[in-house]
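Q: Listed below are the residues making up each chain.
Number of protein chains: 2
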Amino acid sequence: MAINFKLAIAVVCLAALLGCSTSNLQVAEVGSYHVGGRAVTLSGLPEKELLFTPGAPPLKLNPNGDFEVEALYTRYTLLANPKSRYPLLLWHGGGLSGVTWETKPDGAPGWENYFLRAGYSVYVSDAVERGRASWARYPEIFKSEPFFRPKKEAWELFRIGDTDSYNTAPAQRTALPGTQFPVAAFDQFAKQSIPRWGTNDPATQAAYDAYVDKVCPCVIVVHSQGGNFAFNSASKYPDKVRALVAVETSGSPNPDTFDFARVKGVPMLWVWGDNLGKFPFWGRIAAQQEKFRGNLIAAGGIGDRIVLPDVGIKGNTHMLMMDRNSDQVAGLIDQWLAKQGLKK
Amino acid sequence: MAINFKLAIAVVCLAALLGCSTSNLQVAEVGSYHVGGRAVTLSGLPEKELLFTPGAPPLKLNPNGDFEVEALYTRYTLLANPKSRYPLLLWHGGGLSGVTWETKPDGAPGWENYFLRAGYSVYVSDAVERGRASWARYPEIFKSEPFFRPKKEAWELFRIGDTDSYNTAPAQRTALPGTQFPVAAFDQFAKQSIPRWGTNDPATQAAYDAYVDKVCPCVIVVHSQGGNFAFNSASKYPDKVRALVAVETSGSPNPDTFDFARVKGVPMLWVWGDNLGKFPFWGRIAAQQEKFRGNLIAAGGIGDRIVLPDVGIKGNTHMLMMDRNSDQVAGLIDQWLAKQGLKK
Numbered sequence: 063m064a065i066n067f068k069l070a071i072a073v074v075c076l077a078a079l080l081g082c083s084t085s086n087l088q089v090a091e092v093g094s095y096h097v098g099g100r101a102v103t104l105s106g107l108p109e110k111e112l113l114f115t116p117g118a119p120p121l122k123l124n125p126n127g128d129f130e131v132e133a134l135y136t137r138y139t140l141l142a143n144p145k146s147r148y149p150l151l152l153w154h155g156g157g158l159s160g161v162t163w164e165t166k167p168d169g170a171p172g173w174e175n176y177f178l179r180a181g182y183s184v185y186v187s188d189a190v191e192r193g194r195a196s197w198a199r200y201p202e203i204f205k206s207e208p209f210f211r212p213k214k215e216a217w218e219l220f221r222i223g224d225t226d227s228y229n230t231a232p233a234q235r236t237a238l239p240g241t242q243f244p245v246a247a248f249d250q251f252a253k254q255s256i257p258r259w260g261t262n263d264p265a266t267q268a269a270y271d272a273y274v275d276k277v278c279p280c281v282i283v284v285h286s287q288g289g290n291f292a293f294n295s296a297s298k299y300p301d302k303v304r305a306l307v308a309v310e311t312s313g314s315p316n317p318d319t320f321d322f323a324r325v326k327g328v329p330m331l332w333v334w335g336d337n338l339g340k341f342p343f344w345g346r347i348a349a350q351q352e353k354f355r356g357n358l359i360a361a362g363g364i365g366d367r368i369v370l371p372d373v374g375i376k377g378n379t380h381m382l383m384m385d386r387n388s389d390q391v392a393g394l395i396d397q398w399l400a401k402q403g404l405k406k
Numbered sequence: 063m064a065i066n067f068k069l070a071i072a073v074v075c076l077a078a079l080l081g082c083s084t085s086n087l088q089v090a091e092v093g094s095y096h097v098g099g100r101a102v103t104l105s106g107l108p109e110k111e112l113l114f115t116p117g118a119p120p121l122k123l124n125p126n127g128d129f130e131v132e133a134l135y136t137r138y139t140l141l142a143n144p145k146s147r148y149p150l151l152l153w154h155g156g157g158l159s160g161v162t163w164e165t166k167p168d169g170a171p172g173w174e175n176y177f178l179r180a181g182y183s184v185y186v187s188d189a190v191e192r193g194r195a196s197w198a199r200y201p202e203i204f205k206s207e208p209f210f211r212p213k214k215e216a217w218e219l220f221r222i223g224d225t226d227s228y229n230t231a232p233a234q235r236t237a238l239p240g241t242q243f244p245v246a247a248f249d250q251f252a253k254q255s256i257p258r259w260g261t262n263d264p265a266t267q268a269a270y271d272a273y274v275d276k277v278c279p280c281v282i283v284v285h286s287q288g289g290n291f292a293f294n295s296a297s298k299y300p301d302k303v304r305a306l307v308a309v310e311t312s313g314s315p316n317p318d319t320f321d322f323a324r325v326k327g328v329p330m331l332w333v334w335g336d337n338l339g340k341f342p343f344w345g346r347i348a349a350q351q352e353k354f355r356g357n358l359i360a361a362g363g364i365g366d367r368i369v370l371p372d373v374g375i376k377g378n379t380h381m382l383m384m385d386r387n388s389d390q391v392a393g394l395i396d397q398w399l400a401k402q403g404l405k406k
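So the protein sequences, as listed, match chains A and B. Mapping of the first sequence onto our numbering: residues 63 to 406, in sequence order. Mapping of the second sequence onto our numbering: residues 63 to 406, in sequence order.
Derived from the structure by calculation, the hints contain no laboratory data. Possibly wrong hints are sitting among the right ones.
Identical copies go unnamed one by one, so any copy, or any two together, can satisfy a pair.
Taking lysine-lysine and the PhoX-like style, the derived pairs with C-alpha atoms no more than 20 Å apart in a straight line are [claimed, not checked]:
no.: 1; residue 1: K340; residue 2: K376
no.: 2; residue 1: K110; residue 2: K122
no.: 3; residue 1: K122; residue 2: K214
Let the sequences and hints guide you as you build the complete structure.
A: Below, the structure is given as C-alpha cells:
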C-alpha cells in the first residue's frame, strides 16, 4: 500500500516535470489554409502611377494579370484528445474578422481559448474580403466600394451605449447602466474593425459552403451577420453540421420560404444579450429570428433559446464574447452542446 | 534496479494515458491582440452611395467619424514549458500576411507549428495594412492607392520560375529545375496574397517598434520586406531583441549610415535560398545585405550566413518556408539559435 502510494506520487511528480499538468492544452497540430475562391484575369487596365515615397515621383505599375480571389481563410488548433465529438467552427460577424473569437479588448484570451480548454478542437475563420482571407480590386472584381464602421456606430449598434451616447473623448461616453462590456477598452476593440463590402454575399456563401464541405462534420458557433451564411450552409450540408449556435445573429434566410425540413436534424440554439427591447432595430431582428426559430420547431427541429437577462445574466452587449462575463456565457453554450450529446 | 525499471515503465504508461506523449504540444494559452496605431477623425466627407444588392437602388452612408487605424495584429501560442529562453516572433514579407508562417501551399502545417514543436512560444503578426491588422480609407488616411500582386510576379520574383516562365494555365508553367517549391499548389499559395501600399512604412515601423517594446525580450525571424523593419526595431530596442534571423530579407537600413554599434550585441543570421545569381534583382539585394552584414561584423557583432546551396541544400525559392524541404531549413535556424545560447 505504502509502495503504491509512493509510486503514485512519483508518477504525478514526473508527469509535472513532463509538463502535462491538466491545466495545459494537449495540442496535436496548429495550422491554417484558404478554402474556395476562384481565379480571375484582369486585362486592358491602364498602367497606374503608384506613390512609394511621398514627395518622390510615382512609379508605374501594370495592374493586369492573374489573381486568386474570394477564398475564405481558416486557422485550426487540433487537440490531441478532444472531449467533443466534432470540431467547433467559429464564424465572425459584419465588419469584423476571426479576431472576434481570439481575444477580448482587455487583452484576456477569447472564446477560442475557452472552447479549447473545454475540449473542442477549434477553427477560426476570416470570411471572404476580411482579414487574412484578403480582398480584391474594385470595381473590377468586387462590384462596389468598401465601407468602414465608425466607432460611434459600433458603440451604439452593439448596444454598449444608447443612441447618441458616443463621444470622441472616451471619458465622455455614457455606457448603458450595468453593461458587461469592458468600456475602458472600447478603443482597443475598435482596432478589430475590418472594411466590408455590400456586394460579396454570394462569394462569401460559396466559400463558407466549401469550408463546411471540407472540414465538417462540425459544430458551428456564429455571430451576428454570419448567421445567414451558417443557416444556408447547414441547409446545404445538414448531415455535416451537427449543431448550430446562433449568437446574436442579425440575419437568416427568409423564414417564409426556407426549407426547414432539410435542417430539422440540426439542433440550433439562439443566444441573446441584454437590452434588445431598448433598440427598435434589434427588436425587429429578434422578432425575425424568433419567426425562423418557431418555424424550425414547427418542422420538428430543435430550436432552443437563451435570453441572458431571462436567466439572470444582465448587461450583455451584442459582442457577448468580448464582455467581462463572456466565459459564463460560453459555459452555457458548452452545456447546451453537451446536452445534444456532442461531447464524449 | 528491476523495481526502478518497472517504475519507469509505469510512469511512461501513465504519462501516455494523461495525453502527454512527447508528440503533443503542451500549450498554456492562445490569444491575440492589436498593438500600436492611432485614433483619427474624418469629417466633411460627402455621404456615399453604397450598393448592397446589384440592381437595387444604392443606400446612402455617412463615411465621417472616428476610427482606429495603423495597428499591428499578433496572435500568440504560449507553451507551458518552452525550451527556448525567449518567444519567437515571426514577421512576414511584402504582399503577404502572417499566413506565411502558418501553412504550406500543400496544406501541411508551417514553420509556426515547427517552431512550437521545437520548444518556442510563437507570435505570428500581420503588419499594418495586412490581414487582421486591417486597413484604412485612402487617400484620406493611407496616402496612396493599394496594389495587388499578380501571380506572374510572385512566380518570377519569388524565384519559382525564370522570367517569362509563368503561364495562366498551371500545366504550362515552367519551374526552375529542381525547385523545392510545391509547384502544383502554386495557385493555392497565391490565395495568401494581400494588397499593399507603398506609403505606410513609417506607420508600419511605429507599430513594429510598439510590438517589440510590449512583447520582447524575444527572437525575431523575419522574411523579405520585413527585414528593414526588424533591423530598425532591433536598433531601437537592442536589449530586447536577443537574436534576429533574416530569411531572404530584401531590405535593410542604409549600411553606410546605420549605427551598427547599437546592435552589435544582437546576433544575426542571414538565410538564403538557391538561384540568387540567376536574377540580377536578387543579386543586387544579396550584395546590399552582404554589405550590411559585413558592417555588423566589422562593428564587433555576430553576422552569420547560411547560403543553402553552399551547404548542399539545393532548389530553395524566396518562399523558403513554403518549400518541400522547409522543415530542414527551419532545423538549421533552430540549431543556430541553440548555438547562441537561446535554448535551455
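Q: With reference to the structure, classify each hint as holding or not holding.
A: Results for each hint:
In this assembly of identical chains, the alpha carbons of K340 and K376 lie at most 20 Å apart only when taken from the same copy (14 Å versus 66 Å across copies). For the identical chains of this complex, K110 and K122 are intra-copy neighbours only, at 5 Å inside a copy versus 29 Å across copies, given an alpha-carbon limit of 20 Å. Taking the shortest Cα distances, K122 and K214 sit within 20 Å of each other only across copies (17 Å), while inside one copy they are farther apart (39 Å).
Consistency with the previously given hints is maintained throughout, with no hint failing.
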